[in-house]
Amino acid sequence: MSDAEPVAVVRGLRVEVGGRAIVDGVDLTLRAGRITALVGPSGSGKTTTALALLGEYPPGARVTGEVRVVGGGAVGYVPQHPGAVLNPVRRVGVLLRDIARARAGDRRSHREAVHEALRAARIEHPEQVVRRFPHQLSGGQQQRVVVAQALLLGARVVVADEPTTGQDALTRQGVVERLAALAGEGIAVLLLSHDLDVVRRLADEVVLLANGRPVGFGPPARVLPAPEPVEVRPARAGADDGPDADAATEVRLEVRDLTAGYPTGVRREATVLDRLSLTVAPGECLALVGRSGSGKTTLGRCLAGLHSGYRGRIRFDGMPLPRSLRGRTTGQLAAVQYVFQDARASFDEGRPVVDQVARTAVRLRGVYPDAARTQALDTLADLGLAAPVAERRPGALSGGELQRAALARALLARPGVLVCDEITSGLDGAARAELLDLLARSRERIGLSLVLITHDLTAAARLADRIAVLDAGRLVEQGPAGRILTDPRHMFTRSLVRAAGEAVSRGRGGDLDDPDGTDLLGPPRIGREPSDGDRVEPVPGRASEPRGPIGG
Amino acid sequence: MSADRGRPARRLLLGPVQIAAVVVLIFALTEALPGDAAVALAGDQPDPERIARIRESMGLDRSMGGRFGAWVERLAHGDLGTSLVSGRPVADLLADGFGPTLVLAGVTVVLLVPLSVGLGVLAARREGGPVDRLISALTSAVHAVPEFALGVLLITLFALELRWLPPTAVGTDGDLLGRPAVLVLPVVVLLSRPVCTIARLVRAGMIDAMASPYVAHARRQGLSGARVCWTHALPNALAPATQQLARTCDWLLSGVIVVEALFVVPGLGTVLVDAVAARDIPVIQGLALVFGVVTVSVNLVADLVTLRLAPRVEVAA
Numbered sequence: 007m008s009d010a011e012p013v014a015v016v017r018g019l020r021v022e023v024g025g026r027a028i029v030d031g032v033d034l035t036l037r038a039g040r041i042t043a044l045v046g047p048s049g050s051g052k053t054t055t056a057l058a059l060l061g062e063y064p065p066g067a068r069v070t071g072e073v074r075v076v077g078g079g080a081v082g083y084v085p086q087h088p089g090a091v092l093n094p095v096r097r098v099g100v101l102l103r104d105i106a107r108a109r110a111g112d113r114r115s116h117r118e119a120v121h122e123a124l125r126a127a128r129i130e131h132p133e134q135v136v137r138r139f140p141h142q143l144s145g146g147q148q149q150r151v152v153v154a155q156a157l158l159l160g161a162r163v164v165v166a167d168e169p170t171t172g173q174d175a176l177t178r179q180g181v182v183e184r185l186a187a188l189a190g191e192g193i194a195v196l197l198l199s200h201d202l203d204v205v206r207r208l209a210d211e212v213v214l215l216a217n218g219r220p221v222g223f224g225p226p227a228r229v230l231p232a233p234e235p236v237e238v239r240p241a242r243a244g245a246d247d248g249p250d251a252d253a254a255t256e257v258r259l260e261v262r263d264l265t266a267g268y269p270t271g272v273r274r275e276a277t278v279l280d281r282l283s284l285t286v287a288p289g290e291c292l293a294l295v296g297r298s299g300s301g302k303t304t305l306g307r308c309l310a311g312l313h314s315g316y317r318g319r320i321r322f323d324g325m326p327l328p329r330s331l332r333g334r335t336t337g338q339l340a341a342v343q344y345v346f347q348d349a350r351a352s353f354d355e356g357r358p359v360v361d362q363v364a365r366t367a368v369r370l371r372g373v374y375p376d377a378a379r380t381q382a383l384d385t386l387a388d389l390g391l392a393a394p395v396a397e398r399r400p401g402a403l404s405g406g407e408l409q410r411a412a413l414a415r416a417l418l419a420r421p422g423v424l425v426c427d428e429i430t431s432g433l434d435g436a437a438r439a440e441l442l443d444l445l446a447r448s449r450e451r452i453g454l455s456l457v458l459i460t461h462d463l464t465a466a467a468r469l470a471d472r473i474a475v476l477d478a479g480r481l482v483e484q485g486p487a488g489r490i491l492t493d494p495r496h497m498f499t500r501s502l503v504r505a506a507g508e509a510v511s512r513g514r515g516g517d518l519d520d521p522d523g524t525d526l527l528g529p530p531r532i533g534r535e536p537s538d539g540d541r542v543e544p545v546p547g548r549a550s551e552p553r554g555p556i557g558g
Numbered sequence: 007m008s009a010d011r012g013r014p015a016r017r018l019l020l021g022p023v024q025i026a027a028v029v030v031l032i033f034a035l036t037e038a039l040p041g042d043a044a045v046a047l048a049g050d051q052p053d054p055e056r057i058a059r060i061r062e063s064m065g066l067d068r069s070m071g072g073r074f075g076a077w078v079e080r081l082a083h084g085d086l087g088t089s090l091v092s093g094r095p096v097a098d099l100l101a102d103g104f105g106p107t108l109v110l111a112g113v114t115v116v117l118l119v120p121l122s123v124g125l126g127v128l129a130a131r132r133e134g135g136p137v138d139r140l141i142s143a144l145t146s147a148v149h150a151v152p153e154f155a156l157g158v159l160l161i162t163l164f165a166l167e168l169r170w171l172p173p174t175a176v177g178t179d180g181d182l183l184g185r186p187a188v189l190v191l192p193v194v195v196l197l198s199r200p201v202c203t204i205a206r207l208v209r210a211g212m213i214d215a216m217a218s219p220y221v222a223h224a225r226r227q228g229l230s231g232a233r234v235c236w237t238h239a240l241p242n243a244l245a246p247a248t249q250q251l252a253r254t255c256d257w258l259l260s261g262v263i264v265v266e267a268l269f270v271v272p273g274l275g276t277v278l279v280d281a282v283a284a285r286d287i288p289v290i291q292g293l294a295l296v297f298g299v300v301t302v303s304v305n306l307v308a309d310l311v312t313l314r315l316a317p318r319v320e321v322a323a
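Chains as they are written, first to last, in this note's numbering: chain A, 7 to 558; chain B, 7 to 323.
Source of the hints: derived by calculation from the structure; they are not laboratory data.
All clues stand as given, with none of them false.
Here are some, though not all, of the chain B residues that point toward chain A, as calculated from beta-carbon distances under 7 Å:
#1 Pro219
#2 Gln227
#3 Pro241
#4 Leu315
#5 Pro317
Residues from chain B that keep clear of chain A, each with C-beta distances beyond 10 Å, as calculated:
#6 Gln24
#7 Val30
#8 Leu39
#9 Pro54
#10 Ala82
#11 Asp98
#12 Ile161
#13 Leu163
#14 Pro173
#15 Asp179
#16 Val194
#17 Ala283
#18 Leu295
#19 Val300
Pair ranges (Cβ atoms, derived):
#20 A:Gly390 <-> B:Glu133: 38 to 46 Å
#21 A:Ala351 <-> B:Leu108: 42 to 50 Å
#22 A:Asp376 <-> B:Ala34: 54 to 62 Å
#23 A:Pro358 <-> B:Leu18: 47 to 55 Å
#24 B:Arg233 <-> A:Ser330: 44 to 52 Å
#25 B:Pro219 <-> A:Ser330: 30 to 38 Å
#26 A:Arg113 <-> B:Gly177: 49 to 57 Å
#27 B:Pro219 <-> A:Asp376: 41 to 49 Å
#28 A:Ala377 <-> B:Thr237: 57 to 65 Å
#29 A:Pro65 <-> B:Leu18: 44 to 52 Å
#30 B:Glu133 <-> A:Gly24: 19 to 27 Å
#31 A:Ala10 <-> B:Gly231: 31 to 39 Å
#32 B:Ala150 <-> A:Ala90: 36 to 44 Å
#33 A:Tyr374 <-> B:Pro22: 55 to 63 Å
Every residue, glycine too, gets a C-beta built ideally from N, C-alpha and C.
Can you build the whole structure from these sequences, using the hints too?
The structure is reproduced here in structure tokens:
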């Protein structure tokens, strides 16, 4: 494995900012056609190491050690958000031609080179794509364009920074194929990821990082712990007898024939949701799964009154909910709460977190400010945010902490239904597991109905009683979580489950300890004894387990 | 794709609608003016018969709808009416004033764009350095000086003391290009404040753009500093400046009254001041229409340019 020629070498890299070492003693050898993965939780120094290969350091950094690209060639960079590195004002073709211009040849040969690079990056119809602006491409296409830039540069090393974070299973599959193809062209790839499934499938070698120091090195099978199987949450009693067997139970939230869209021009509308009907019982967790763009978020926004351009009916406890937030009473506003994907954007940067959380109780339940503050601190403490942390401004909290604060803010309204929109997608493994556990606990304590919008089947499996699968705005399948995950009936669901399953079932073996919380779920953080009468044996070491009937 | 092509088309359609609204508004405002034009025209000894004759000849005896129809019909044929004071066609009066205003505005804009963009980019590339601080200090200081003060100062210094330049445009008869020296001082005064605002907008936009991930990415690809600056960062910095430039063009083309009065330039501003003083309603109507059409067209062009410079922006339409 070490016979391939090394194209980039890092020796004893130490990057120090303000007297604190962000990276300390990292060694890397990148070889042509090989994929090396840097694995570690957020803040472990992955990005700093990778940017060092690009010759970029944080401002004011003291750097020692050696970073050498053999032959001094260019290094390509595929960032987590490819849309951000593509100039919004320039067409894709112009962006690529800028790079091609450095080569010898005339305009025509440059154009040829651009088309060739786009084709090599698996872009269909390059002649159409070159005329588009970056925002007119999907996330996957944007990533391919960035890969094409690296190819056009003639890069012998490509750094891919969290290329699969926040992507659904099918998109992730595409990213994996794209990176494998890059390696197939003889390019050395440095993959930064906390997504262990992807690392297992791709990497030839893994370097584990924790707190800036390398703590493990070797092939993935030896270095990474065994993957966890997709856990299937057993269905609630009596809910397993068919996809639409909710007739007899109580209904808290009912959606009937919902058709929603966005205006795209004069008298034109893009339909995002098409005649969708579903119900959520009190205390039930319904997971909405599907690819990005399938209409999951629009459905959540309709429920919360954030999108009023729909036909159809939404009822809460039998009463119709007005379409728009403005039409809803304070009680109705409190009844349906929403936790956004980007927690940071949902907080005001200038005010302490606890004040913003307490405001919910003041506004929606008429609690006096002092009492609201006490309640807010209590709720935040329940979710693991101590008072000194909660008194800070959002900028001083991590993404996971802010997401918990956002959850506390929604819970303080004492809602009947909580809509959670991809709330775990920006978090690394440990923070994700913790947040899901907190959600499960809160839900059981107050009999909350949950609508969990997610592309992460593992999260859905962990929490949901029922799963509804959306594809291109239609409800293609819904039913008890266990049935959907083990016996999907619709073609699309099958491909979704297969893609998620493949990610997990490869590369078993290896028993190294989890280096400080990567994607692996350690021992249960919040234990609860399995209740009696469970029909399925709970998987050991998990916080979510089968529940009895409602109110049990 | 269809939505993206639809936006410029919708914005283009909005232009004629706005112009139609301007026409209706001007008519309504003139109708709402107190007094009776026929009485005013009849002179010192109003004789009821004479008033009735004037009223008939002006069409004032017809219904409001009828008069609006007739006015719009004449507008459609390019007939803006005749001046009540001089008896000349309004169109001729406007054409006389438009020449000098257009020359002043054109020369100013031609100098304004490279000057302000250049200063803004220069300051942004040297952010925090002495050059940036000098430019920033000068632009805010100059912006604080009103046109008339700067004009008087410049006339005193360069025309009266040093005698380098003529103090006013008296004697040119509106042919400013025939004696370019008379243009220098008015153009400097007209440039002073717009250069400052636009340079500051360009500087702010450039600093944002230079710190963006796409500029960092362009640098990674080994593109030269100048290329990154002018072709990657600058287009992203220009959208706000374009909107400000439209407002400046609008201001210039409507005849800057203070500057025209100070330098005795017989432009549209002077025509407006004279017409208002003499209550020459048809001329005021004609000017209002011209200013309205200029404003609508200049902003239309600016919005189309902005759509290209910020393809993701939804311009209010």
